[in-house]
Structures are given as C-alpha cells and as structure tokens.
Amino acid sequence: MRQVVITGVGAIGPLGHDVESICATTEGPAEASPAPSAEAPLWPIGGFDATRFVSGRLRQKIDRFVIYGLCAAGMAIEDSRLFPGGIDRERLGIFVGNCLGGWWFTEPELRMLHTRGVRAMSPYVATAWFPAALQGQISLAHGVKGHSKTFSTFGVAGLQAIGYAAQAIAADRADAVICGAAEDLSSAYIRVITLQDLFRRDGAPSTFGAARTRPQAEGAAFLLLEDYEHAVRRGADIHCRLTGFADSFAPDEDRVVERIRQNLSAVTEEIEGPRLLILDGLFEGEASATRRAASDLGLPVGFVDSKPKFGNMFAVSGVMEAACAARSLRRGRVTAKRFEDVATAAGEYGGVIIQRLSRTGSIVTLGLGRIDPES
Amino acid sequence: MRDQVNDVIRKILSESIDIPEDEIRMDADLAAEYGMDSTELTALEKEIESLFSISASRSRRSASWVTGSDIVDFVLAETAHWAPPDEV
Chain A
7 MRQVVITGVG AIGPLGHDVE SICATTEGPA EASPAPSAEA PLWPIGGFDA
57 TRFVSGRLRQ KIDRFVIYGL CAAGMAIEDS RLFPGGIDRE RLGIFVGNCL
107 GGWWFTEPEL RMLHTRGVRA MSPYVATAWF PAALQGQISL AHGVKGHSKT
157 FSTFGVAGLQ AIGYAAQAIA ADRADAVICG AAEDLSSAYI RVITLQDLFR
207 RDGAPSTFGA ARTRPQAEGA AFLLLEDYEH AVRRGADIHC RLTGFADSFA
257 PDEDRVVERI RQNLSAVTEE IEGPRLLILD GLFEGEASAT RRAASDLGLP
307 VGFVDSKPKF GNMFAVSGVM EAACAARSLR RGRVTAKRFE DVATAAGEYG
357 GVIIQRLSRT GSIVTLGLGR IDPES
Chain B
43 MRDQVNDVIR KILSESIDIP EDEIRMDADL AAEYGMDSTE LTALEKEIES
93 LFSISASRSR RSASWVTGSD IVDFVLAETA HWAPPDEV
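Sequence order for the protein chains is A and B. Per our numbering: the first sequence = residues 7 to 381. Per our numbering: the second sequence = residues 43 to 130.
These are calculated hints, taken from the structure and not from any lab test. All residues carry an ideal CB built from backbone N, CA and C; glycine is no exception. Please note that a few of the clues may not be correct.
If you want the footprint, here are the derived chain A segments under chain B, 3+ residues with CB under 8 Å [said to hold, decoys possible]:
(1) 166 to 173
(2) 322 to 328
Chain A residues, not near chain B, derived (Cβ > 12 Å throughout) [to be verified]:
(3) Glu84
(4) Tyr130
(5) Asp178
(6) Glu290
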C-alpha cells in the first residue's frame, strides 16, 4: 500500500487569509486573537482580495464558496510546488467537500425568477449553485484530469474528502489529489436556515448526546495529498504523513464507544507516543465516549475542542485543523494551544487525530503523523 | 444616439470580459478576439434587455452578434421607434 503525505496547505477563514496568518493567530495568546466575539453567532470573512487566484471575468460566473475554494486550493498548489511539470495531470485528482452550495449567487436569481421571470435569470445559476461547482472550477483552472469526487455530507464532508482522496492515492488511482472544502455563509437564506437549525438543535438529542450551539464560520481549506515516493522523487517539502482514515456509522448510542474505538484503532497504529485528538465539539456525549474508547485501547491522548476558536465551519471543519496541524508537524510537534485557548492537554504531540461526527451517527476519523527526520 | 449606445455596450463588454474599456475594439470578433462563449453572450443579452427594456432573445435577432458593433446596431434598431422625451 502506498504511503500518503501532505506536501501543500492553503486556507482562508475569519482568523486569516492564509495558513500562515491563521496559524499565527491561533499560536498567540487568547487575548491577542482577532477572532470575532465568541458571542456572535456568525463569523464572516472580511476584506479578502481574491484577484490573485480568480479573475474578474470568472468572478461573475461563480459563487463565493467557489471563490474561497479556488483561492485555498491555489495556495495549497503553490505551497506544494507541484506545477509546472511536477505531475501528469491525468494522475492528479480533486476531492471536495461542500454542504451549503452557492446561495450567495442563487438567492437574488430566484428573486428575479419570481419577480421578472425565467428570462431574467443568469445563465450561470445551474453551474454556480451546486456543490460540485468547485471541483469543476479547480479542474478548469489547473487542467486537472484525474480521479475526482465531491462530498456533500454536512460536517463530515471535508474530512471524507481527505480520507477518500488518500485511499485513491494508496490504491494507485492517482499520484496526488487536491482535496479540501469550502463554505460561504453570506446569503441571507443560508444565515436564516443555519441559525434556525442551530437554535432548534441546541440541546436536541442525537446519537452522540445533546447538540451544542457553536458560532458558525465560513471559509475554505485545502491540502495537496501525494504519494510519498512521488513526493520524494520530485524533491517536494513534506509537511506530514497520513497515518490512517476511518469512516463508520453508529446506528444508536449503544454502539458509539465501540465504533469510535474501531476508528481510533485504524488511524493510530502508525503514531508513536502521545497523540492530540481534536474533537468535533458539537455534541455533549462525544468527549466522554471518546475518552472511554481511547482508554480501552490504552492510547496516550490529549483532547481539545477547536470549535470555540475556529467556529463551526461545516464541511471545512476538520480540513482547517488538518492544514494547521500539518504546518506544525512539518516543524516538529503540535501543541494543544494551537486549537484551544484554554486547553487542558499540556505538552507537545507528534501525532494528531481529527474526529468529526454527524447528528445521525457518522463518525469520521483522520490520523496525521510527523515524518521521522531519520527516515 | 449611436455614440451613447456604443459607450454603454463598450462598458458592458468591458465588465463582462474584464478588459479596460479603452482596449475594447468594437469591430473585433468577440469569440475570436476575446474568447466569449455562448453562455457569456446569453448573460450579455440579459443585461442589455434589462438596461434598454428590449427583448434581445436569439429569435429576435435577425443577425448574429459577432462584434460589439453588431450589438450596437441591434440596440439602435430595437429602440428606433422610441420617441424623444420632449415628444412624449
């Protein structure tokens, strides 16, 4: 089985307009963080200039989530130094997560439909709205022709995009994959339905216990995943390696600990020493179930909840944390403070586990480990 | 009137293809020179309909829009029956 590594990262969000500034923000003390007020239910991206990656001509045809995604994917590609000539584009894929679609573009067009008729609508509505629009635009922008997919599975979509992209590389269906997720919350319609859902769900029962209210944030994060041997051959800088991916389902509360245990077992085999586990943070019962599962396996694990710092980023959730963790692992080790201001988990970690859940019972887990400097 | 319509169409074309107004050649083939595809022309058609309150559907156009000047001619033909404001 081929080993998969991360050779590029890119991101944009309310905390910063690239991975460096997001990590600089999250490395600083809590009082220095420019993050929006924790009391605000919505954290938008402000003052972002996309012109480096998206032309004015293209901007008229696409939604904001695609703009954010093209920028984050472009940053990851630049960071990887994959182009020009670093790869056969038939062997380069695109795996994307998106839940909310392109309502910033579509909402005014639907108003137009109801007030002035179908002939007044933009011809780009169909190609701007759907979640796979970002995959298509990345393909057009970079001439990518390899194995590609889009996931639209709420808060686990981004982590699934990474995990299944890694599987595609491991199975020799691609040599590298641009993978990540993007969400835009600027449409009034999306704000209403997500906030209504958020408050309706606060305290509502789920497979993982009562749901918790968290601020919502928009943005995008992308990784360049690559076959280890391919990366070494072209002299790429490797951030870290993927140690495993597991995607399972707990049909009821009784099976939650068992399924989390199975997932953890699948992603931690190759990590030595203590691991930092980034919880999903949206459900009351997650932390205790995960502690039990880790204890059953005898795993030395520190726990953090990144939601108070990063917000609920829907499909981007998990990918943003993976981008920040990859950057840290490239330089050595990860601290809990990067993901949680008041982290109880002390020390440094040579491996990171990211866990994401869906209300209905999905459990998606990704493991990241540093590259041994001796290897 | 022609100069005014020409300026408006030049401005719309400039915004549509993201090229400065003074670099737009109104006699150039829009597809060959600026890479405009049929969907971009459809978007342009809708903007012209909105701005001039005319129907610019393909079935309405007797000649195809190859150049910017073709669009100017079409708009002028469609608005020729308009009475000047002081005659209304």
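Identify every previously stated hint that the structure contradicts and give their numbers, smallest first. Failing hints, ascending: 1, 2, 4.
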